[in-house]
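Colleague: Spelled out, the chains give:
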Amino acid sequence: QSALTQPASVSGSPGQSITISCTGTSSDIGNYNLVSWYQQHPGKAPKLMIYEGSKRPSGVSNRFSGSKSGNTASLTISGLQAEDEADYYCCSYAGSSTPYVFGTGTKVTVL
Amino acid sequence: QLQLQESGPGLVKPSETLSLTCSVSGGSISSSSYYWGWIRQPPGKGLEWIGSIYYTGSIYYNPSLRSRVTISVDTSKNQFSLKLSSVTAADTAVYYCARHHKYYYYMDVWGKGTKVTVSS
Chain A
1 QSALTQPASV
11 SGSPGQSITI
21 SCTGTSSDIG
31 NYNLVSWYQQ
41 HPGKAPKLMI
51 YEGSKRPSGV
61 SNRFSGSKSG
71 NTASLTISGL
81 QAEDEADYYC
91 CSYAGSSTPY
101 VFGTGTKVTV
111 L
Chain B
1 QLQLQESGPG
11 LVKPSETLSL
21 TCSVSGGSIS
31 SSSYYWGWIR
41 QPPGKGLEWI
51 GSIYYTGSIY
61 YNPSLRSRVT
71 ISVDTSKNQF
81 SLKLSSVTAA
91 DTAVYYCARH
101 HKYYYYMDVW
111 GKGTKVTVSS
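Those protein sequences? They're chains A and B, same order as listed.
The first sequence begins at 1 in our numbering and counts up one residue at a time.
The second sequence begins at 1 in our numbering and counts up one residue at a time.
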């Protein structure tokens, strides 16, 4: 099972919206609505931001939203803030033999 | 509030076995809705799922590591453990333990991580 493909970096100015893509296959993203997204600041553990493709855990800002089309999932951050600067990883269920496949990771820079 | 804490040696010699324990506090490891798992992150690289265990002992392993990995659970101590055998420098990473939802496959509670270096 190969890693999901994410852009290495995405940047935006404060207040703007950015979208991070996560491309998989019909064996993972395309076959299940079980994509999660994680935010990781340097030296810190990942934090769950989105689950089941578009649901936000309690306490996560509504500036974060998730969606899916075909084999590609997306995370959109609206009203970009300095604190959003971090690495972001997608993760998808990929079947019972390999339940978790992570994306390659995207570094978000706030200009 | 549920908390997870990894513990174990920070330095392991090549060809030896890496052993880590994750202690769960503020909740029971015997929850019916969750698996408990290990994820690692080599320096400067992305996340890699290693494997997950249910309190009954049901286990999933990453096929790429299956031959070297053993995950076990001790419900009496509210802990679960990782053993990775025949380690090389490529196993140098920060190792995280995390709680995984059994049905919706997301990881909602993470430990802070522990850095393990493989070196002689």
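Treat the hints as calculated values from the structure; they're not laboratory data.
Accuracy of the hints is not assured; some may be wrong.
[As the list claims (entries may be wrong)] Listed below are the simulated DSSO-like cross-link pairs for lysine-lysine, each with C-alpha atoms no more than 27 Å apart in a straight line:
| hint | chain 1 | residue 1 | chain 2 | residue 2 |
| --- | --- | --- | --- | --- |
| 1 | A | Lys107 | A | Lys55 |
| 2 | B | Lys77 | A | Lys55 |
| 3 | B | Lys77 | B | Lys115 |
| 4 | A | Lys47 | B | Lys102 |
| 5 | B | Lys102 | B | Lys13 |
| 6 | B | Lys77 | B | Lys102 |
| 7 | A | Lys47 | B | Lys115 |
| 8 | B | Lys45 | B | Lys77 |
| 9 | A | Lys107 | B | Lys112 |
| 10 | B | Lys115 | A | Lys68 |
| 11 | A | Lys47 | B | Lys13 |
| 12 | B | Lys13 | A | Lys107 |
| 13 | B | Lys102 | A | Lys44 |
| 14 | B | Lys83 | A | Lys47 |
| 15 | A | Lys107 | B | Lys83 |
Colleague: A separate judgement is required for each hint: does it hold in the structure or not?
Modeller: Results for each hint:
{"no.": "1", "hint": "A:Lys107 x A:Lys55", "result": "22 Å, holds"}
{"no.": "2", "hint": "B:Lys77 x A:Lys55", "result": "33 Å, violated"}
{"no.": "3", "hint": "B:Lys77 x B:Lys115", "result": "23 Å, holds"}
{"no.": "4", "hint": "A:Lys47 x B:Lys102", "result": "18 Å, holds"}
{"no.": "5", "hint": "B:Lys102 x B:Lys13", "result": "35 Å, violated"}
{"no.": "6", "hint": "B:Lys77 x B:Lys102", "result": "21 Å, holds"}
{"no.": "7", "hint": "A:Lys47 x B:Lys115", "result": "18 Å, holds"}
{"no.": "8", "hint": "B:Lys45 x B:Lys77", "result": "33 Å, violated"}
{"no.": "9", "hint": "A:Lys107 x B:Lys112", "result": "20 Å, holds"}
{"no.": "10", "hint": "B:Lys115 x A:Lys68", "result": "34 Å, violated"}
{"no.": "11", "hint": "A:Lys47 x B:Lys13", "result": "31 Å, violated"}
{"no.": "12", "hint": "B:Lys13 x A:Lys107", "result": "33 Å, violated"}
{"no.": "13", "hint": "B:Lys102 x A:Lys44", "result": "25 Å, holds"}
{"no.": "14", "hint": "B:Lys83 x A:Lys47", "result": "25 Å, holds"}
{"no.": "15", "hint": "A:Lys107 x B:Lys83", "result": "31 Å, violated"}
When held up to the earlier numbered hints, the structure conflicts with 2, 5, 8, 10, 11, 12 and 15 and fits the remainder.
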